[in-house]
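Top to bottom, those sequences are chains A and B. All you need for the numbering used here is the position in the first sequence, starting with 1, plus 26. Residue 45 in the numbering used here sits at position 64 of the second sequence; the count goes up by one each step and never skips.
None of these hints come from the bench; they were simulated from the model. Do not rely on the hints blindly, as some may be mistaken.
To be verified - The calculated label-pair distances, taken between Cβ atoms and stated as ranges, are:
| no. | chain 1 | residue 1 | chain 2 | residue 2 | range |
| --- | --- | --- | --- | --- | --- |
| 1 | B | S92 | A | I38 | 23 to 29 Å |
| 2 | B | H66 | A | K68 | 38 to 44 Å |
| 3 | B | T63 | A | S95 | 33 to 39 Å |
| 4 | B | W(-9) | A | S33 | 29 to 35 Å |
| 5 | A | I38 | B | P(-11) | 31 to 37 Å |
| 6 | A | G43 | B | E33 | 42 to 48 Å |
| 7 | B | A53 | A | N93 | 19 to 25 Å |
| 8 | B | K(-5) | A | P78 | 46 to 52 Å |
| 9 | A | K68 | B | G(-3) | 45 to 51 Å |
| 10 | B | L99 | A | R131 | 48 to 54 Å |
| 11 | A | G86 | B | W(-9) | 45 to 51 Å |
Quantities reported herein were computed from a predicted structural model and do not represent experimental measurements. For every residue, glycine included, the Cβ atom is placed at its ideal position computed from N, Cα and C.
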Amino acid sequence: QQQVKQSPQSLIVQKGGIPIINCAYENTAFDYFPWYQQFPGKGPALLIAIRPDVSEKKEGRFTISFNKSAKQFSLHIMDSQPGDSATYFCAASGNEKLTFGTGTRLTIIP
Amino acid sequence: GAVVSQHPSWVICKSGTSVKIECRSLDFQATTMFWYRQFPKQSLMLMATSNEGSKATYEQGVEKDKFLINHASLTLSTLTVTSAHPEDSSFYICSARDQSRDPGGKLFFGSGTQLSVL
């Protein structure tokens, strides 16, 4: 099974709040889990990525939490800002190909 | 991070014509590039894997004769949409991985090409 399930579909958070986006996978061969940020009319930009040998990774305001036994991983955005408003995609790969989640449209309101 | 350049950013063409989209890795060599398609408010769907010096590998359901891929050098892959029709209108995005710096790791994307077929 190659599917990556992502939730929620959309999310509205007040400035300074911590939006959390969740993803779940089924293929245990997946060993690389990146998150991408996409603005309208632009290609996705890599935010942060994790491999299953760690349970958490932090880069700036972005944190990935990874639960290998549950086959779930999530993105947390600390101190969210209106400029973080974008669509976020989780993804997973076990070879060269990436399988993307369905995306979450995040809106940060002032 | 590595830079992937895609051109053009947008193109409008008449039905029945062919359109070529270029994807270049600017500061690294890419033996493999990937082409994705994205409809409005939807996720990215992998169309094909472009292999330098050999034939592309297409995903199930993607017409290889309609979407011609050429990867003639280590820094350039092209996608040609042949005999385009309105249903081919979409956002096309390429990506590549700098294997020398991060084998099996970070995939960098181009800025995408919005194709509108009239």
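Structure-based check of all given hints:
Checked against the given bound of 23 to 29 Å, the beta carbons of B:S92 and A:I38, roughly 27 Å apart, stay inside it. Checked against the given bound of 38 to 44 Å, the beta carbons of B:H66 and A:K68, roughly 26 Å apart, lie outside it. Taking 33 to 39 Å as the suggested C-beta distance range, the pair B:T63 and A:S95 does not conform, at roughly 47 Å. Against the hinted window of 29 to 35 Å, the Cβ-Cβ separation of B:W(-9) and A:S33 comes to about 32 Å, which satisfies the hint.
The beta-carbon spacing between A:I38 and B:P(-11), approximately 34 Å, falls within the hinted interval of 31 to 37 Å. Separated by about 45 Å at the C-beta atoms, A:G43 and B:E33 satisfy the suggested range of 42 to 48 Å. Taken as a hint, the range 19 to 25 Å is violated for the pair B:A53 and A:N93, whose Cβ atoms sit roughly 44 Å apart. The hinted window of 46 to 52 Å between B:K(-5) and A:P78 holds, with their beta carbons roughly 49 Å apart.
Taking the beta carbon of each, A:K68 and B:G(-3) are about 29 Å apart, not inside 45 to 51 Å as hinted. For B:L99 and A:R131, the Cβ-Cβ distance of about 29 Å falls outside the hinted range of 48 to 54 Å, so the restraint is violated. Against the hinted window of 45 to 51 Å, the Cβ-Cβ separation of A:G86 and B:W(-9) comes to about 31 Å, which falls outside the hint.
Consistency with the previously given hints fails for numbers 2, 3, 7, 9, 10, 11, ordered from lowest to highest.
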